[in-house]
Amino acid sequence: MAIITYREAIRQAMDEEMARDASVFLMGEEVAQYNGAYKVSQGLLEKYGPKRVLDTPITEEGFTGIGIGAAMVGLRPIVEWMTLNFSLMAFDQVISNAAKMRYMSGGQVKMPIVFRGPNGPAEFLAAQHSQALQSIYAHFPGLKVVAPATPHDAKGMLKTAIRDDNPVIFLEAEMLYGTTGEVPEEEYLIPFGQADIKRPGKDVTLVVHGKPLRMVLEAAKTLEGMGIDAEVVDLRSIRPLDEASIYRSVGTTNRCVVVDESWPFASVGSHVAWLVSKNCFDLLDAPVELVSSEEVPMPYNHRLELAVQPSVDKIVAAAKRVLYKV
Amino acid sequence: MSERNLKDRGLDFLMGLLTSMLSIRFVEEKAAQMYGLRKIGGFCHLYIGQEAVGVGAIAALDLTKDYVLTAYRDHGHAMACGMEPGVMMAELFGKETGCSKGKGGSMHMFDADRHMLGGNGIVGGHIPVATGVAFKIKYNAEDGVVLCFFGDGAIHQGAFHESLNLAKIWNLPVIYICENNQYGMGTDFRRVSSVHDLSSMGAAYGIDGRQVDGMDVLAVFDAVKAAAEKARVSGEPALLEIQTYRYKGHSMSDPGKYRTREELDAYRQQDPILLLKNRMMAEGLLTESEYEALQAAQRKVAEDAVAFAEASPEPALETLYEDIFA
Chain A
1300 MAIITYREAI RQAMDEEMAR DASVFLMGEE VAQYNGAYKV SQGLLEKYGP KRVLDTPITE
1360 EGFTGIGIGA AMVGLRPIVE WMTLNFSLMA FDQVISNAAK MRYMSGGQVK MPIVFRGPNG
1420 PAEFLAAQHS QALQSIYAHF PGLKVVAPAT PHDAKGMLKT AIRDDNPVIF LEAEMLYGTT
1480 GEVPEEEYLI PFGQADIKRP GKDVTLVVHG KPLRMVLEAA KTLEGMGIDA EVVDLRSIRP
1540 LDEASIYRSV GTTNRCVVVD ESWPFASVGS HVAWLVSKNC FDLLDAPVEL VSSEEVPMPY
1600 NHRLELAVQP SVDKIVAAAK RVLYKV
Chain B
17 MSERNLKDRG LDFLMGLLTS MLSIRFVEEK AAQMYGLRKI GGFCHLYIGQ EAVGVGAIAA
77 LDLTKDYVLT AYRDHGHAMA CGMEPGVMMA ELFGKETGCS KGKGGSMHMF DADRHMLGGN
137 GIVGGHIPVA TGVAFKIKYN AEDGVVLCFF GDGAIHQGAF HESLNLAKIW NLPVIYICEN
197 NQYGMGTDFR RVSSVHDLSS MGAAYGIDGR QVDGMDVLAV FDAVKAAAEK ARVSGEPALL
257 EIQTYRYKGH SMSDPGKYRT REELDAYRQQ DPILLLKNRM MAEGLLTESE YEALQAAQRK
317 VAEDAVAFAE ASPEPALETL YEDIFA
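Residue numbers (this note's numbering), protein chains in the order written: chain A, 1300 to 1625; chain B, 17 to 342.
So that you can see chain B by itself, here it is in the shape it has in the complex (with noise of 0.2 Å):
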């Protein structure tokens, strides 16, 4: 648990976590919902219970000049990025208003305008790009991060450790979030790491690597924070294991049958947003009846996007041949 003063942290700012994740919580569940009446189709990753990492990191940068890319499990970074939750569920739609006109889906959330560049379908795949995004934060001596985020089944591909090595070599800003939400698909990720802190990883190229709470969205902003601030002044890259837990399975077609419901159930005994919720309540900081007020807000927000990609037109035919080539 962050050990800050809650109060000090100011009202606003916990407010806005507080609704960043139910938005995120609410969005994914209607999501879900639309899965199944087939309104969404393909792979569709969901991010319920891992909230507080997007959120709590994404609300560490500026992104009017630090980026974000993450895999395919994307929305709630998407929607952390300030992306509209309507756009976004159009695009879950596949609707001409989505944030990839419907070409992307589920896995390719893009909106370059607020430096969220997608949204990657294969397993580590973008880390190398991310490592490149801050390569040109470097070149042009800016003074902005990148977060890459990735899960615990990332973490063993080449390509997150060629870009380990190579960040730091050439001394890039980049901060190398690992979301373990301990499975990689279906599989504990104890039964194929050779360690089990993830965080250790880094030592082999002489990049700091620390685990953090990923429940705790206070405990994910400082350490990012923190990072960030390092990064910024030294090109120091860093390596967070942020531990975490998703609520639903690795995809919708995911019946979970590798864990037990009692784990399931202690998880969602530390849920994040309850646990902020909790301990604003605890200091003064939020009335029960103020909590109510703003997850019917958030529902409706839900409840909206689902109405703008429901009323929004199909990618028109000869759309297909656009957007190939600039």
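So here's chain A without its partners, still in its complex pose (with noise of 0.2 Å):
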């Protein structure tokens, strides 16, 4: 297996699509001749040339709704967007018309189309560029929403987003775009609704999806000093969702933390607490914990940002209090 970064997973994914597909295309600002602001799509227009990646004015509705338009007759955009903050300027688009077109025409259309960019906190950006927006588009019945972690998880996730036939949320992140990780070197896709497990343990369950991932298993590497066998679940897939693999682990730890970057209020993170509160009622040996980003918009200072977002020190804290051993 080869080790890449999780930038030039996504790269691969989109490169052979668009080999593989005529109609698949990139557009988004800066895709083409700056290579991507991320470097994500790094090459891409020297290989497959203007037609098929498109630079865009800065104009989110207009070119997201011209994607949708371009998914509703036959062709299968990839709409980055330059990060999901800015995809609120396209929000009607995406919410009015990608997630609802083939529910109000009878099905009579079909929306293949991949929204994608990096979501969630970075660093030093202050409130509007900090935003982890999974709850808002997980809201809405007719998207498909994902958030893998890893580039194995990425590239195979990628090509299933791009060869579905509906709406796909694709969800990165600035912090995840250098990390690395083995790829397989033959294709491969990975279907949504299969959450995955990072580490068996028997303890007590994580729930995690998208870049908080790695710290939920450094979590887990300092319960285990602690002598505390963490389970840890990627979810990947938000919507659809694999409950059956959290209840599974559930039913094997009776403990449940559930962790998710984004505010807590309605959001995939309280979400699934529910769910596990309710299908995993007598299960439980305690009542499931949430460590979430704390309810205020992301100020600049440094040390302030860190506090307001999930941590290791927060999640082994959460575990150690659904285990009593606090």
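If you're looking for bench data, these hints aren't it; they were derived computationally from the structure.
Wrong hints could be hidden among the right ones.
Unchecked claim - Covered stretches of chain B, as calculated for chain A (at least 3 residues, CB under 8 Å): (1) 113-120; (2) 137-151; (3) 165-178.
Claimed, not checked - Cross-link-like lysine-lysine pairs, in silico, BS3-like; alpha carbons within 27 Å at most: (4) 1458(A) - 154(B); (5) 1501(A) - 1338(A); (6) 316(B) - 1346(A).
To be verified - Estimated spans, in silico, between C-beta atoms of each pair: (7) 336(B) - 1320(A): 48 to 56 Å; (8) 1542(A) - 326(B): 38 to 46 Å; (9) 1546(A) - 129(B): 50 to 58 Å.
Every residue, glycine too, gets a C-beta built ideally from N, C-alpha and C.
Assemble the dimeric complex from its two separately framed chains, guided by the hints.
Okay, structure coming up:
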């Protein structure tokens, strides 16, 4: 297996799918001549030309809507948002059109489109550029939402997303682009709706998706030093959600901590915590814990911004609470 | 008034326009009546008075390769694209036999086979989508065009302005048709527009704009035909402000207190159906008795549409979960 970066995994997925299917194209701000604001589309313009790799003006509503229209009549657009924060400018297009066109037309149209870009806080970016927005997208029926955390998952799931006949919100992260991991040399796809056990364990279940996975694995290592064997369930796909894998894990550990870097009010994390509380009620030996963002806009100061987000310490503390080892 | 000799246009063509406008008029009147009887609910925006715009414009298309997208006042466009009146009325009734299986209603008429892609309820929200359909035409090197209808109320939305810019920089074959019926809901367009010649809005994007008399179906046909031919050859987008008038309220709940009786009566004097009928009679192309027979036949079409809708079944409850994903 090759070791590549998360950034390269996404680039490879787009490259392979563009080579396979002439109806796949990439559009977004700075994706072509600049090779991507985060260099995710490096070399694609050179390989596929300006017809299939398009720089757009800074008009998220306009180009997102163009992608949606093109998808409705058979193309397979990949729309890159420079960050998910800017997707709010295109929110109406995604929610009112991409998510609903098939339903409103009684199944007359398909919507094979991928919206992708970095989501969640990075560093020193302050309030408008540091939001984890998965919860609002996951709220709407008609959208698939995925948040792979490793190069392996990112590549396999982006290929699946591009081949899907439905709109997929594909969540990456600035802080993940440079991280590395093993990726098979041969082609592979990862279906949506399948969580992955990133670390088996028997004492407590840690449920996570996206970027905080690395933090959760570190917390599991710390817990191991305390004699606590944590199981890490990486959802990978938020919608569809693999509830069965969560319940199976909680069925063996009887304790659950959910980690989600978005705000806790009506979030993916709070939803998963509710599902576990409701469906594993008789199996649980402690109330479900949720580790999330503090309920504040993101401050610029580094000490403050770190205090806002989930951390290894907070996850370890929550795991100890559900084990009554405080 | 369009200048060409009426006879040169061919009797079948003229009768087609007259029939189509009458058909829409009578079906819409039936819809109003059925709304009063509570057979139709929710928002219902009638096209009465504006028939010449949709009919004249769509007559200039070849729907095997061209496309139509419109806003929520969509009944007329759907019928002009060839949707069966019964199928449309059934959709208004929310029946299983409706074009969108009862899931769309008045604002979401879709007939994908006839390239009629909705029916959109968000003011201006479909303008980028229509532009995306034109993107597909260019991407696949087809020679179709897209007609994108919207109202005077939509022209100030960012979606409109972003779309025009994108259509121009990418040379997309889309004709933006602003149906200026003078009022955005209850607001006179002159109160909320920085310019009163809405066709001048194309100038900022280097797009040709012109005003067209929307009460004259032949003037509409000629203008759209010319713009479409140009778009087919050069991929040039165009903007047409087609000046028209709606006789009914914005929707069924609108008493129309923002305009005078005199104004409405003045427009009724230049009714698009009356105008064409009178010209055809003056040229000896239509007799009073032929016109009466045509009216009777179209009234029957409207009645049959209601009978079809009435007799159709409600959608089954389990269809709730169908058509969310492909």
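Status of each hint after checking the structure:
1. 113-120: Result for this restraint: holds, n = 7.
2. 137-151: Result for this restraint: holds, n = 13.
3. 165-178: holds (count 3)
4. 1458(A) - 154(B): holds, 25 Å
5. 1501(A) - 1338(A): violated, 40 Å
6. 316(B) - 1346(A): violated, 60 Å
7. 336(B) - 1320(A): 48 to 56 Å: violated, 33 Å
8. 1542(A) - 326(B): 38 to 46 Å: holds, 44 Å
9. 1546(A) - 129(B): 50 to 58 Å: violated, 44 Å
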